[in-house]
Amino acid sequence: MAQHAVGGTVTGLVGTLVLANGTEAELTITANGSYATNVLQGQAYNIVVRTQPAGQTCVVENGSGVVAGPVTNILVTCTTNTYTVGGSITGLLGVVTLRLNGAADLLVATNGVFGFASPLTHGSSYAVTVHVQPANQVCTVEAGTGVVVAPVTQVRVRCSTVSSPPPPAPPPPPAPPTPGGLGIAYGTKALVFSWTSTPGATRYTVYEDPDGAGPLVPAQIGSTAATGLTYAVPVLLHLRVNATYTVQACNAGGCSAPSASMAADMVRAIGYFKGSTTTAEGRFGNRVALSSNGSTLAVGAYGEGGNTGAVYVFTKSGATWSQQARIAAPNGEANDYFGNAVALSADGNTLAIGADGESGDQKGTFATMPATNNLASNSGAVYVYSRTGAVWSQQAFIKANNADADDLFGSFVALSNDGNTLAVGAYNEDGDLTGTHGNGAYAASGAAYVFARTGTSWAQQSYLKASNAGAGDFFGIYLSLSGAGDTLAVGAFFERSALASDPADDTLTNAGAAYVFQRNAGAWSQQAYLKAPSPQAQDRFGVSVILSGDGNTLAVGMDGDSSNYTGSFVVPPPSNTLALNSGAVFVFIRAGGVWQSQAYLKASNTRTPHRFGNNLAMSSDGNTLVVPSYRDDSNARGFNGDQANTAAADAGAVLVFRRSAGTWAQQAYLKAPNSGAGDRFGGRVAISGDGTTLAVGASTEDSGSTGVGGNQSDESSTNAGAVYLY
Numbered sequence: 001m002a003q004h005a006v007g008g009t010v011t012g013l014v015g016t017l018v019l020a021n022g023t024e025a026e027l028t029i030t031a032n033g034s035y036a037t038n039v040l041q042g043q044a045y046n047i048v049v050r051t052q053p054a055g056q057t058c059v060v061e062n063g064s065g066v067v068a069g070p071v072t073n074i075l076v077t078c079t080t081n082t083y084t085v086g087g088s089i090t091g092l093l094g095v096v097t098l099r100l101n102g103a104a105d106l107l108v109a110t111n112g113v114f115g116f117a118s119p120l121t122h123g124s125s126y127a128v129t130v131h132v133q134p135a136n137q138v139c140t141v142e143a144g145t146g147v148v149v150a151p152v153t154q155v156r157v158r159c160s161t162v163s164s165p166p167p168p169a170p171p172p173p174p175a176p177p178t179p180g181g182l183g184i185a186y187g188t189k190a191l192v193f194s195w196t197s198t199p200g201a202t203r204y205t206v207y208e209d210p211d212g213a214g215p216l217v218p219a220q221i222g223s224t225a226a227t228g229l230t231y232a233v234p235v236l237l238h239l240r241v242n243a244t245y246t247v248q249a250c251n252a253g254g255c256s257a258p259s260a261s262m263a264a265d266m267v268r269a270i271g272y273f274k275g276s277t278t279t280a281e282g283r284f285g286n287r288v289a290l291s292s293n294g295s296t297l298a299v300g301a302y303g304e305g306g307n308t309g310a311v312y313v314f315t316k317s318g319a320t321w322s323q324q325a326r327i328a329a330p331n332g333e334a335n336d337y338f339g340n341a342v343a344l345s346a347d348g349n350t351l352a353i354g355a356d357g358e359s360g361d362q363k364g365t366f367a368t369m370p371a372t373n374n375l376a377s378n379s380g381a382v383y384v385y386s387r388t389g390a391v392w393s394q395q396a397f398i399k400a401n402n403a404d405a406d407d408l409f410g411s412f413v414a415l416s417n418d419g420n421t422l423a424v425g426a427y428n429e430d431g432d433l434t435g436t437h438g439n440g441a442y443a444a445s446g447a448a449y450v451f452a453r454t455g456t457s458w459a460q461q462s463y464l465k466a467s468n469a470g471a472g473d474f475f476g477i478y479l480s481l482s483g484a485g486d487t488l489a490v491g492a493f494f495e496r497s498a499l500a501s502d503p504a505d506d507t508l509t510n511a512g513a514a515y516v517f518q519r520n521a522g523a524w525s526q527q528a529y530l531k532a533p534s535p536q537a538q539d540r541f542g543v544s545v546i547l548s549g550d551g552n553t554l555a556v557g558m559d560g561d562s563s564n565y566t567g568s569f570v571v572p573p574p575s576n577t578l579a580l581n582s583g584a585v586f587v588f589i590r591a592g593g594v595w596q597s598q599a600y601l602k603a604s605n606t607r608t609p610h611r612f613g614n615n616l617a618m619s620s621d622g623n624t625l626v627v628p629s630y631r632d633d634s635n636a637r638g639f640n641g642d643q644a645n646t647a648a649a650d651a652g653a654v655l656v657f658r659r660s661a662g663t664w665a666q667q668a669y670l671k672a673p674n675s676g677a678g679d680r681f682g683g684r685v686a687i688s689g690d691g692t693t694l695a696v697g698a699s700t701e702d703s704g705s706t707g708v709g710g711n712q713s714d715e716s717s718t719n720a721g722a723v724y725l726y
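Under our numbering, the first residue of the sequence shown carries the number 1, and numbering increases by one thereafter.
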């Protein structure tokens, strides 16, 4: 039987369409145009859409009949689907305008279902936003974006009521006018600013220009709502001698222009300390010690009570200094010289006090005081005190294990930073190298002792002698410990060797030497024997020694040096004797256990007999070195005054040196604010570990005042002594 084509045309198709003749074979169409399938003549046909193209709907026209011949009029028309976009809205109290794809708007006034009138074609993107918010409400859209593939009903609009916006903040007030009346009063190492109240000001800021007209930039040093501010100067005072100060008034609108600048008279900020008991010949300031941060000061006054002696402790709270304690030996007697040596731990809570005239014959360390006796005249002792809160209590009474008459044990003391290592000098000790007494060849050879604390118990750790110990060397006259307590420097200013390479030589009387000892695993050994590069008789090299915190920088005083040079030298110039006993200092540095000279320092006003270098102080970093000339005879006062005049014999001075990139230079020349002949300002010095506070003793100053900040012009108490703070 004959077959005939049955078909027609497809229009509007953009995908894949599947047609079928009833339940018979399928016909897949992927493009617009004609199509056909074969059907037997006389058979019925029924062309239907078996599978719609994605996103389209196709409709068949003239799709059924009986085959009597070819059929070509079956039309299939395809159109793309469109869908509405909508969802639900809740919380609405007014009218909100929603917008679809940035164009079609829908006003909604009731909660419930909503839908946009204009449908979107299959596959297109939609984005529903709030175009106009309802009054006093905020509506937010959730699930508001996507691609249309079916009717969109999941858009959610949630509306909530908001409170009325607050009224706009008032504009800030105008900045206040510049304050006037800036004034400066003075405390101990402190400036007390005051100014007049400024209308409209809520606070005031004070600025410091550290060098006045110099290149440094002013910095804020305080802010307060009051019309005054106390400023504790946080550096050595000589670093602010050119500083100027201004104040600004401020409020929410800003700050005024700075006031006219005012310079401070830093001489008036120099602290002046006396004990609560001031007596003639008290020798207050014969020894001084500072804690690492400079907030605790210990002062020896060995002359009090007929040389019984006492020690005073002062502390700083904020910018105010006050006496915290007066400490006397529990077994004190005349000529014990308690306070002839003092040392503080870094935190200021451990205090060691030497009494080299104490005369007991005990040996060893004691947690409680033994019975007092005087069976070993001037054997010497050390007392250790500890502080809890503001209360000082005795922790130990210490004697040498080989104590003997006239050893002068305790003539110098030094503590490690943690206070657990104590070094004690006994420069008149006469033991041989093993510590046995009775060998006349070693009279006054001197010794150093090291004690260690475990918990609160002290025990002698080592007895040290010079490797070339000799009679009269005075080994132990001066000591210094590194911060960790593992390096010890010892001076022997009467040692007589002419060459560092020949310690046994004894041809240069009182040339002097310094020794460095090192502790390893609790055992001490001598690391170095140091001499001046060109020793001279009576140089007294080693009259003082001081170590940096890490123990790698060592300064050695030589107050008998008689050259007339001034300044700092890497290589010492040729020796001369044009300024007898003017004094000098050598600085050494250690690298890999080897010591070498770094500098030779002379005062800027070298003269006979200033004794520059008789004692020393150094900051923990080793970069600030304080060197007194306690017999300086200028009558200048304060900072960097006239060094050339000689109007005040033995008034004393202190010079400050600073190291930068390995080079040393003098930074300041300091005098007492009440400098007077015979005061011997600089007889002892101490600097805080952080290098910010300097204490200077003048144990023959004559004021009879008491306390902190007393009358400096009084001259009623001969050799009462004083301490100055910079």
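Derived from the structure by calculation, the hints contain no laboratory data. Accuracy of the hints is not assured; some may be wrong.
Each computed EDC-like pair below joins lysine to aspartate or glutamate, with the alpha-carbon atoms no more than 20 Å apart [as the list claims (entries may be wrong)]: (1) Lys-363 to Asp-406; (2) Lys-363 to Asp-432; (3) Lys-363 to Glu-333.
Going through the hints against the structure:
Distance restraint check for Lys-363 and Asp-406: the Cα-Cα separation of roughly 14 Å lies within the 20 Å cut-off, and the hinted pair is therefore satisfied. Taken as a hint, the Lys-363 and Asp-432 pair is honoured in the structure, with Cα atoms around 18 Å apart against an allowance of 20 Å. Restraint check for Lys-363 and Glu-333: satisfied, since their Cα atoms lie roughly 19 Å apart, inside the 20 Å limit.
Every hint, counting from the list given before, is met by this structure.
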